[in-house]
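Following the hints, put chains B and C in place on chain A, whose structure we already have.
This is what each chain is made of:
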Amino acid sequence: MAEAHPVGFQWVMEAKRRGAKVIHIDPRFTRTSAMADTFVPLRAGSDIALLGGLINYVLRGGHYFHEYVAAYTNAATIVDESYADTEDLDGVFSGFTGSGYDQSSWYYQGARINPAAGERDQWNDVFGSPDPDRAASEGESTPRAEPETDPSLTHPRCVFQILKRHFARYTPELVEQLCGIDRRRFHEVAEALVANSGRERTTAFAYAVGWTHHTVGVQYIRAASILQLLLGNIGRPGGGILALRGHASIQGSTDIPTLFDLLPGYIPMPQAHPNLSLDGFVATNAADKGYWGNIRDYVVSLLKAWWGEYATAENDFRFDHLPRLTGDHGSFRTVIDQIEGGVRGYFVIGENPAVGTANAHQQRMGLANLDWLVVRDLNMIETATFWKNGPEIDEGETTPSEIGTEVFFLPAAAHTEKDGTFTNTQRMLQWHHKAVEPTGDQRSDLWFFYHLGLRIKSKLAARRFERDARQRERDRPVLELTWDYPTEGEIAEPSADAVLREINGTDADGRALSSYTLLRSDGSTRSGCWIYCGVYAGEINRAARREPGERQSWVAPEWGWAWPANRRILYNRAAADPQGRPWSDRKAYVWWDAEQRRWTGHDVPDFDATKPPDYLPAADAHGPDALRGTDPFVMQGDGLGWLYAPAGLRDGPLPTHYEPQESPLRNTLHSTQRNPARQLYHRPENRYQPSGAEPGAEVFPYVFTTFRLTEHHTAGGMSRWLPHLAELAPAMFFELSPELAAERELVHLGWATVITARGAIEGRVLITQRIRPLRSNGRTLHQIGIPWHWGPNGLTTGDAANELLGVALDPTVHIMETKAGTCDIRPGSRPRGAELGTLLATYRARAGITEDTGTEDSPSAADARYPDVSDTDGGGDES
Amino acid sequence: MKARADRGAGAEGSDRSAGHETREPFRSYYGRPIIKEPTWKVPDVPAYLYLGGMAGASSVMGALAQLRGYSRLRRVGLLCAAGGSGASVLALIHDLGRPRRFLNMLRVFKPTSPLSVGSWILAPFSALSGAVAVSELTGFARPLARVVAGFAAVLAPAMTTYTAVLLADTAVPGWHETRRELPFVFAFSSVAAAGALGTGLAPRSEAAPARRMAVIGSLGELLASRVLEQRAGRIAEAYRTGRAGTTLRTARVLAAGCALGALFARRSGSVAVLVAASGTAASAATRYGVFEAGRETARDPYYTVVPQRQDGRSER
Amino acid sequence: MSPDGAAEHPLFGLARAAQPGGDVRTSASGPVDSPAGGNRLSGPLADPSAEAGYSERHPERMGFFTDTSVCIGCKACEVACKEWNLLEEDGLDLTGMSYDNTTELGATTWRHVAFVEQRIDPSTRARVDIGMPGMGAPSTTPEEGADSDATEVRWLMSSDVCKHCTHAACLDVCPTGALIRSEYGTVVVQDDVCNGCGYCVPACPYGVIDIHPDNGGAFKCTLCQDRLGSGLAPACATACPTESIQYGPLDQLRQRAEQRLEQLHEQGMTEARLYGQDPTDGVGGDGAFFLLLDEPEVYGLPPDPVVTTRDLPAMAAHAAIAAATAALTVAACFLGGRR
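Residue numbers (the UniProt record's numbering), protein chains in the order written: chain A, 1 to 879; chain B, 1 to 316; chain C, 1 to 339.
These aren't lab readings, by the way, just hints derived from the structure by calculation. Any given hint could be a false lead.
Label-pair distances were calculated between CB atoms; the ranges are [claimed, not checked]:
#1 C:Asp251 with A:Ile540: 36 to 46 Å
#2 C:Pro122 with A:Arg18: 17 to 27 Å
#3 C:Pro122 with B:Thr22: 33 to 43 Å
Virtual Cβ for every residue (Gly too), placed ideally from N, Cα, C.
So here's chain A without its partners, still in its complex pose (with noise of 0.2 Å):
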């Protein structure tokens, strides 16, 4: 977190200052472990095991935060009798179907609940019935569905046995087995954890896309969440799982999404369902209840946002409009199309695929495989010049000449050259003010698409009367767009503020909304993004206010603005007692005033504010009426935290240890290697190499972690044009341990070349004593950190990281595994030219590789799934 946060990493100083303990654990000795009191090393790719065993300790020993447990989690649900879990199945759960999971035997018993995120669509459950519309209009009048419980927790099904069954082999000695971590270092951040929860204290856990970047990684988030909760950590202050996004807004673009399977506010996209009507998209994604339920207000004011006067209840609002998924459209798909033909165009904007994207030659084909190529950037990056100076060129694969994309350079505005705002991880959306005016050709993003949107709707226009009927009808919800922002200075930038009033929402009136609660179904408002519905509450743009902090309360509100309604943290209801009392005066944030009948506190409280604790829900009641006094977790189709996710995941409800795609070990804990519901792509510009027993893995010895340095940004983009940052990491580099370095005989700054069954990589050596070799299963395991900041252009340029790195992908959100590979490291520079191409043929027929390679335990190719929700943190610029 100081190597790639270093700002946010202010904070940890402050609590470290004021006697907070501060743990790290991750693979490589980093900047931040250089300011933990305790640095846990541990082995690339085994987190799960390390919670699992945390989890494991917490629940035998008894530590886990009982009145919070019972009351707030989903421990005391009782699961489907149909259900069995890895350690019954030897790795896998029930409902495996040798391509993915049915995953109906994992529900809870008597009751469907449509999870919160994840995969939402329950087409099947709902329709499963012959007549969609009968069931599409059940609902409001209909009694609501409750799960089973067993308030004692002591049913053999309930959630809390089932939680207890499935980590009672995660021991401090399979820990050690596994991550390379000896028992006392376990037992002392066991010890932490648990000293530091429960009435009178809280931990908080933060992570980066060192925990997404899995074939599991949705898992290892998960595994942190039952943990937080077991804990009572969540809603809490100073509690919580903080994810530490990829770069600026991070947040903002999956809460206003560039995904292609996600609406504004996390509504799912409508899939291609026949004759989905409005009505049945309610009915397959609202939740029973919780705030879900009111799913129909979100987007009915979002397609009144953007098709205005046109959306009309007697046209659905122009549902239509929406596009409609038919399958897999996530980045590394669209490139697999690009290779076969199936892409003619692609805009680039903000991203550098060409060095920053797993299997950097894949991404790279691709663009070599278009028509046409639009990259908007603020230097002239790799991906839009790999036509004449990629790696292919160099290796003779192809020339200059037979690449067919004409590629479109469009320069950039930075951020200090326009207006908008950066949403970071707390949710927070924090305004920027144009500093100074862009020069030359560079433009704002939205003033390009903006301006794009009015010359295609002009051109649209004008040859309406050449266009035949089923053209018209395409081209009407571009025509129907509200795209009408007002325009300010010689160029015509749009009015960012105008956008951001628009997100926020008007009412029937053209009033600006304060709330998101305020929404209605019934064409009346208007709202962009229902999360950010209150940003502009009283026309004030919240997000730029910036009040100093010694002006106002801790919990700092007049610090720009937080969705949703300016909480600060989400689920504060689980900071009161059942009754709604402060757990401890210590740690009291919202609480119960039985006073003013109203629920109060230092922050916004996330509840309905007049809901007393002890409310109980008609049986008829559904959506936020629906939850009890009692249930924290709004957003939740059960109103509970959920230790065990009945839906949602592709992979399981459980977080289960597997070992990566491409790992040294076998994996000991069960006879299933690897997550058997992975996503994989067979193609031969992606082998996989053999892991664990498997033979030819001795050929890829050593475990590669990618990381970031502080020095730089991403791929470089906006940190290798600079001569002040450039000057301070001025060359690509790989990170080892002098056991290693004697082992390879590699020198401190001289060359080493890494390989892979993809690629193989030069760059300079940096032996250094923060990386040690882990002793795990019995073996000693050296592990190499490999910085992915480089590429051919650039004040200083090196060999791009994901050159290395394969696409095998988590179920759930599609996430590349970029933390946890194999490969061989040997001295000197990589060969030149054709060479290349040999050397690596050679590794691979030494390692045996053919398509099959690596995709044991998960039969079919990924492209037979269907995804629906996506990337946790942004896609393809992460690595």
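Structure of chains B and C alone, referenced to chain A:
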């Protein structure tokens, strides 16, 4: 011996490498220097040091020759004073990062700056010596020139030693720790240099004082150098080894040769020329050797760390 | 920033330093806070600005306290400094010195973050010396039992800067008056006066100031003189995310540092020590001082620096005697006959 990048990234410089077995172990930042090596250039600054000293001693020699009626020795002394000091000024200006701003040195007088004080010695001295030399060569205003030569000779002794303070008044251990002895080395070296030039350039019949200067100056330089090295403690290593050591050993051989030759130079013109050459070379080599020894002590953190660690503050 | 008079120098009776504007001034104003028995070239000095001739109303002495125990090595100080002061990039070399690719302070680097990787014994917090492999020496045996828990890694980071000494050798030896004492008690180069003689470079006991290779002038940290007048903190201190670099009145910083030291000692970090805060040290105390976690030389700092001009009177005396000796020697040579 530089640790720098030839170790792992975690390496702290801990000097135990070859050639320094007698050294105490010490710690450093990757073996990098702590103080900055002087940016002064070679040959500018060693030449400046030598020329100024030679000019100062020559001036005194010329003035005394004038008093005692050695007209040819006077001429040699006064011309060497003028030539040496003029060239010294040029070497100084050439060494400046911004030569056009040379006159900024004369903008202020700063007693805490040996270079300021030195400039205020060098500037009038070279001006006066230059004027005297013009008169000497043209015969213009000769009586006045004799008085002026006297004034120059009053400034002249300072010319032989201010450069020693100039070097010593730095954080360079090789110069600062030898601050008491350096002025004497430079003074005697200057006398020897002037004497050697007088021996070689003046007719043998007039050169007796110059020969004595060459002998006494050279012996004095040898003695002062020896005392310097003996008192220098750890720093002496820099004077005895490397390029500085070689240069200073050569200087000593040349100085001894100069002294020996001067004893016989009355009889042979060619010996006199050899004396001039060896004396000049010895004096210049001494300056260069001292300069190099100082640079070595700036480059090697040993000379900064160990003395500061092991000697009490008051001792230094 | 113009002082109303320069103090009389006790040694020479002349102005000690040329002041901005360039004219040599003398003044009748009495000595300010001179330590008993000491000369003003060294020793404690409460108010260097007053010593330099600023009026009573000059601002407090400002400085930096760099607490290296909270430095995260982000180098934001280096970048902020270069950005504000328009210093150019000065080399794209990978040094192999941990994450330090800056290596040292210089004419175009006024902040430098040092990185030191150590192996320590966690119980005693003492450093463990391990043989790291040398260049081309793969046979060097790795540490025995590397995967044992006997040792822990410690990574020290420290942002170095000009110390703005109470007695600044660079200022003392500058022959042109280009280096001056500011009203804030800092030491600043006036670029339009500097003639590039380079004397300040070897005079600095910390190796801070240097000559710019292209334009020949001497450059170093100004404590952002051009920000202080507007009430802004220096760029580096503003950019520092963890308050490792603290800017403020020196007296306050010294108090704060003492408290921080006490706190760390209570927490068992007995290796913490202050560096440069002592007004009785060889340079009269630094205007920019540090809290370090190891010996100063480990960070590239001199263990016990002394302002060279402390010894100037003695050096002048020795030079005078040597000059007289030279004159007398020459004179003696003229006493004998013409043979």
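Each hint, compared with the structure:
Checked against the hint of 36 to 46 Å, the pair Asp251 of chain C and Ile540 of chain A passes, with Cβ atoms roughly 44 Å apart. For Pro122 of chain C paired with Arg18 of chain A, a C-beta distance near 23 Å keeps the hint of 17 to 27 Å intact. Checking the proposed 33 to 43 Å range against Pro122 of chain C and Thr22 of chain B shows it holds: the Cβ atoms sit about 35 Å from each other.
Against the hints set out earlier in the document, no violation occurs for any number.
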